[in-house]
Amino acid sequence: MQKTQYDIAVEQFQRAADLMKLDQNVQEILRKPRRILSINFPVKMDDGRILLYQGFRSQHNNALGPYKGGIRYHPNVTIEEVKALSMWMTWKCAVAGIPFGGAKGGVTVNPKLLSKHELERLSRTFFSLISEIVGPFRDIPAPDVYTDSQTMAWFMDEYSKTERNNANAVVTGKPLIIGGSLGRDSATGKGVAVSVEEAARHLKIDLKKATCAIQGWGNVGSFAHMFLEEAGVKVVAVSDSKGGIHKKTGLWFNEVAAYKKKNTSMANLPASENISNEELLELDVDILVPAALEDVITENNARNIKAKLVAEGANGPTTPEADDILFKKGVTLIPDILANSGGVSTSYLEWVQNLQHLWWTAEEVDHRLTAIMKKAFAEVWKTSQEQNVDMRTGAYVYAIGKVRDAMQIRGWV
30 MQKTQYDIAV EQFQRAADLM KLDQNVQEIL RKPRRILSIN FPVKMDDGRI
80 LLYQGFRSQH NNALGPYKGG IRYHPNVTIE EVKALSMWMT WKCAVAGIPF
130 GGAKGGVTVN PKLLSKHELE RLSRTFFSLI SEIVGPFRDI PAPDVYTDSQ
180 TMAWFMDEYS KTERNNANAV VTGKPLIIGG SLGRDSATGK GVAVSVEEAA
230 RHLKIDLKKA TCAIQGWGNV GSFAHMFLEE AGVKVVAVSD SKGGIHKKTG
280 LWFNEVAAYK KKNTSMANLP ASENISNEEL LELDVDILVP AALEDVITEN
330 NARNIKAKLV AEGANGPTTP EADDILFKKG VTLIPDILAN SGGVSTSYLE
380 WVQNLQHLWW TAEEVDHRLT AIMKKAFAEV WKTSQEQNVD MRTGAYVYAI
430 GKVRDAMQIR GWV
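Going by my numbering, the first residue of the sequence shown is number 30, and it counts up by one from there.
Treat the hints with caution; some may be incorrect.
[To be verified] Listed below are the simulated DSBU-like cross-link pairs for lysine-lysine, each with C-alpha atoms no more than 30 Å apart in a straight line:
no., residue 1, residue 2
1, K141, K291
2, K73, K190
3, K145, K290
4, K271, K335
5, K357, K50
[Said to hold, decoys possible] Ranges of calculated distance between the beta carbons of each label pair, as one might list FRET restraints:
no., residue 1, residue 2, range
6, N297, I68, 38 to 48 Å
7, I162, P204, 21 to 31 Å
8, Q414, N139, 38 to 48 Å
9, N105, S157, 20 to 30 Å
10, Q385, N297, 44 to 54 Å
Hints were generated in silico from the structure; no laboratory data involved.
C-beta: ideal position from N, C-alpha, C; glycine also.
The task is simple: from the sequences and hints, build the whole structure.
Have a look at this one:
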């Protein structure tokens with residue numbers, strides 16, 4: 030029987046818990062979300078039909094602060110998936126050192142099949158039904174897969190109507206005009222790049238001589254490409270859902286962006302070789318950034334990974350079995366709860382600006398984000414070296430320890 034994402038999340042937690050000799054009472058609380066809201070709700074289509082959709086919100090733990098996590102729209106959204114993602118968000122926020130707990134939500138829908146009006150009705154209905162458990166000091170959602178700043182604007186407006194005030198801090202990732210933050214769009218990719226730079230410094234990798242392959246060229250992968258290129262890294266391979274391209278002399282960010290915009294796919298870029306997503310992972314490069322789907326590095330291909338450094342731009346791209354193989358091979362893997370925490374860190378900065386009625390420049394946001402990422406990396410690196418474990422286990426030990434301490438000081442255990 031294939032493991033669910035939640036099974037993997039619990040297994041990762043258990044590894045660290047066993048290493049820490051974590052109290053059994055604490056383990057019992059942290060293995061499961063504190064609350065899961067599951068709703069079935071009707072949405073009227075443009076042609077008059079009424080379709081029923083299922084949505085979820087999983088709130089894992091709020092010992093460190095209000096729940097925080099995205100809402101995704103995807104036909105494969107399940108309750109097991111949002112449970113796993115909410116747990117990962119708890120650790121991600123703890124690693125980043127921001128005062129949030131972990132949550133995640135989603136609607137089982139293919140948004141590409143809906144008109145803009147249908148999407149708006151679905152969004153407003155869903156958010157109105159979860160409004161009783163969200164709020165600026167309760168649970169602050171954000172964009173995720175196939176949701177964006179427009180979705181957040183609908184959410185914020187619907188909640189503001191219910192509360193009868195302009196509650197722009199109820200969500201992050203909003204349009205700038207209604208309280209969004211500069212730097213939010215590029216934040217996750219920026220965080221990946223900062224993590225790579227910090228790892229390279231410890232591993233004595235000269236980034237100006239390093240090569241990189243990036244699987245997934247959506248928001249995270251494309252901005253990671255841009256920032257890594259600025260750091261001097263030669264990106265030689267990139268891919269999207271339709272496949273990838275490889276060019277030994279390097280793929281310039283602007284070149285790929287312009288070609289993809291014109292052709293919708295990056296295949297057949299002049300002077301490049303078409304490759305599959307699977308082939309990209311096994312290229313002879315210094316740095317690998319899986320920034321697409323979960324479970325792409327497994328026990329079946331981990332032995333073929335040639336990169337010295339792997340930075341997880343996606344959530345859950347590496348299975349526990351693959352973690353073990355890579356660690357034994359001497360590959361340094363920056364886990365998702367560290368590498369891609371730039372998004373939630375900048376969401377925190379947006380939330381602070383909303384609550385304090387501030388407006389920070391792009392430079393101020395970038396400075397604060399970089400400081401958060403560098404501190405988080407230093408703490409995880411230190412923990413993994415002290416415990417002689419891989420960076421994922423080190424990140425979990427560090428994060429779980431912080432959540433445990435907060436639970437104890439609050440009298441939960």
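To see whether the hints hold, each was checked on the structure:
1. K141 <-> K291: holds, 20 Å
2. K73 <-> K190: holds, 21 Å
3. K145 <-> K290: holds, 22 Å
4. K271 <-> K335: With a Cα-Cα distance of about 23 Å, the restraint between K271 and K335 holds, given a limit of 30 Å.
5. K357 <-> K50: Status holds; Cα separation ~23 Å.
6. N297 <-> I68: 38 to 48 Å: holds, 45 Å
7. I162 <-> P204: 21 to 31 Å: holds, 24 Å
8. Q414 <-> N139: 38 to 48 Å: 45 Å Cβ-Cβ, so the 38 to 48 Å window holds.
9. N105 <-> S157: 20 to 30 Å: holds, 24 Å
10. Q385 <-> N297: 44 to 54 Å: Cβ of Q385 to Cβ of N297: about 50 Å, so the range 44 to 54 Å holds.
The structure fails none of the hints (numbered hints given earlier).
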